[in-house]
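**Student:** Sequence:
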Amino acid sequence: MPEYEKITFENGFRLLLSEDGRAKSCSMGVWVGSGSCYESDDTAGISHFIEHMVFKGSAMYSSEDIASISDRMGGELNAYTDKECTCFYTRVLSADAPAAFELIADMVTSPRLDADDLELEKGVVCEEIAMYESNPADLCADLFYLVAFPEHKLGKNVLGTRDSVNSMTPDMLRKHMDRFYSPASTVACFCGKFERDKIIALCKRYFSSPANKSAIPVLTKADFCPGVHIFDKKTEQNQIVIGFSAPSLGSDSRFACQLIASMLGGSASSRLFRRLREEQGLVYSVDACASSYLSAGVFAVSMGVSRESEKKAVLTAAEVLREFPDTVTEEELDLARDHYLSGLIMSLESNSARAARYGTGELLLGGAISEKELEEKIRGVSIDEIRSLARSFSSLSDACICAVGRTAGAKFYNKVVSGKK
Numbered sequence: 006m007p008e009y010e011k012i013t014f015e016n017g018f019r020l021l022l023s024e025d026g027r028a029k030s031c032s033m034g035v036w037v038g039s040g041s042c043y044e045s046d047d048t049a050g051i052s053h054f055i056e057h058m059v060f061k062g063s064a065m066y067s068s069e070d071i072a073s074i075s076d077r078m079g080g081e082l083n084a085y086t087d088k089e090c091t092c093f094y095t096r097v098l099s100a101d102a103p104a105a106f107e108l109i110a111d112m113v114t115s116p117r118l119d120a121d122d123l124e125l126e127k128g129v130v131c132e133e134i135a136m137y138e139s140n141p142a143d144l145c146a147d148l149f150y151l152v153a154f155p156e157h158k159l160g161k162n163v164l165g166t167r168d169s170v171n172s173m174t175p176d177m178l179r180k181h182m183d184r185f186y187s188p189a190s191t192v193a194c195f196c197g198k199f200e201r202d203k204i205i206a207l208c209k210r211y212f213s214s215p216a217n218k219s220a221i222p223v224l225t226k227a228d229f230c231p232g233v234h235i236f237d238k239k240t241e242q243n244q245i246v247i248g249f250s251a252p253s254l255g256s257d258s259r260f261a262c263q264l265i266a267s268m269l270g271g272s273a274s275s276r277l278f279r280r281l282r283e284e285q286g287l288v289y290s291v292d293a294c295a296s297s298y299l300s301a302g303v304f305a306v307s308m309g310v311s312r313e314s315e316k317k318a319v320l321t322a323a324e325v326l327r328e329f330p331d332t333v334t335e336e337e338l339d340l341a342r343d344h345y346l347s348g349l350i351m352s353l354e355s356n357s358a359r360a361a362r363y364g365t366g367e368l369l370l371g372g373a374i375s376e377k378e379l380e381e382k383i384r385g386v387s388i389d390e391i392r393s394l395a396r397s398f399s400s401l402s403d404a405c406i407c408a409v410g411r412t413a414g415a416k417f418y419n420k421v422v423s424g425k426k
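Numbering-wise, our numbering comes out as the position in the sequence shown, counting from 1, plus 5.
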């Protein structure tokens with residue numbers, strides 16, 4: 006039995022329904038194919054800016070209405086913008102689901118985009134940019150993508166720049182929405198308890214406009230650029246990202262990459278955590294993660310470390326990465342599988358997590374992989390696949406290294422990359 010019902014309108018709009026009669030609430034969201042990967046230098050940050058502006062009022066609701074209606078329902082009406090999509094979501098009691106969705110639908114399809122509101126929001130977004138810039142970990146992550154993908158939009162910051170934000174106009178926002186907020190690039194998803202007929206009727210009311218004739222650009226492959234990039238900044242702790250090219254969202258190898266990330270830095274029993282923190286006390290946090298996009302993928306190790314411990318921590322991390330392909334065991338792989346699948350199963354008890362998985366999967370891949378199929382793919386990853394893929398992460402000469410803070414400097418990192426002692 007499918008995990009959700011999919012209804013596709015003639016104009017390409019997709020509605021996903023996953024009913025849970027035991028629930029007392031409904032989690033819902035609208036996903037739109039608008040993100041920083043679809044922006045030019047002149048429109049950098051426009052997807053995120055639109056996300057802000059829809060909360061400033063719509064055809065039916067003022068900004069005060071949006072806030073008070075959401076508060077009355079007891080839900081958290083929120084949104085986020087990523088590199089490849091924008092999402093508006095909430096969770097409310099089942100009886101409030103139609104009203105909550107009508108609120109989101111009106112915001113998304115008929116935002117006011119008032120000029121005075123826009124000028125006010127420019128200051129808010131510029132403050133958000135400043136907030137991320139003042140956080141060394143966030144700054145390092147953003148700079149990593151910028152230097153790892155310098156010739157591709159995947160490297161661009163979702164927030165844009167102060168210059169691009171301050172150049173925004175209502176007309177620019179409308180043109181972007183006319184192109185990217187099209188029915189064919191929009192998905193709505195409902196998980197929990199809801200009145201099916203009312204939801205379908207509301208979707209027909211708000212999302213039955215004619216199909217947009219403007220083609221959404223196809224994202225080209227993003228070329229990964231290895232190298233060393235040092236950014237001097239006065240910080241209490243240096244932030245380091247060591248990243249490698251990894252499988253994209255369309256590759257089944259991404260499942261092996263997720264397991265490698267788990268074994269190396271995804272849990273308290275992972276190799277990097279044990280070696281750097283538990284055995285040597287060099288860091289408080291060290292993490293390995295696998296991120297897959299339509300145009301590329303990234304496997305990255307990140308850590309926060311003092312200047313005094315930085316060299317030893319980086320050299321130790323390099324050693325762990327180098328040793329891993331030849332020393333990884335079946336026992337470690339079994340543990341990683343169990344860790345991954347346990348987390349998945351527990352997360353799917355949440356209707357909000359299910360809605361996010363279904364909506365994102367439908368928008369980006371044309372369908373969310375089922376729980377059963379995902380388990381089969383994770384169980385099917387062999388030790389040979391792990392070893393083969395891990396070898397592409399074993400040499401820092403293939404890495405893009407980004408370091409922010411009062412670091413050990415480019416000379417040290419270039420020496421590490423070259424393999425010299």
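Honestly, I wouldn't trust all of these hints.
No farther apart than 25 Å at their CA atoms in a straight line, the calculated lysine to any residue pairs in the SDA-like style are these [claimed, not checked]:
| hint | residue 1 | residue 2 |
| --- | --- | --- |
| 1 | 127 | 147 |
| 2 | 425 | 403 |
| 3 | 316 | 285 |
| 4 | 198 | 210 |
| 5 | 382 | 333 |
| 6 | 425 | 396 |
| 7 | 239 | 411 |
| 8 | 316 | 142 |
| 9 | 209 | 13 |
| 10 | 317 | 290 |
| 11 | 420 | 184 |
| 12 | 209 | 184 |
| 13 | 11 | 379 |
For each label pair, taking beta carbons as the anchor points, the in silico distance ranges come out as [stated by the list, open to error]:
| hint | residue 1 | residue 2 | range |
| --- | --- | --- | --- |
| 14 | 120 | 343 | 51 to 61 Å |
| 15 | 343 | 239 | 41 to 51 Å |
| 16 | 120 | 7 | 22 to 32 Å |
| 17 | 283 | 189 | 45 to 55 Å |
| 18 | 168 | 226 | 39 to 49 Å |
| 19 | 120 | 283 | 48 to 58 Å |
| 20 | 283 | 81 | 32 to 42 Å |
| 21 | 167 | 24 | 44 to 54 Å |
| 22 | 47 | 83 | 20 to 30 Å |
| 23 | 81 | 115 | 19 to 29 Å |
| 24 | 167 | 203 | 41 to 51 Å |
| 25 | 313 | 119 | 47 to 57 Å |
| 26 | 179 | 241 | 18 to 28 Å |
Source of the hints: derived by calculation from the structure; they are not laboratory data.
All C-beta atoms, glycine included, are put in the ideal place defined by N, C-alpha and C.
**Student:** Failing hints, ascending?
**Tutor:** 11, 16, 18 and 26
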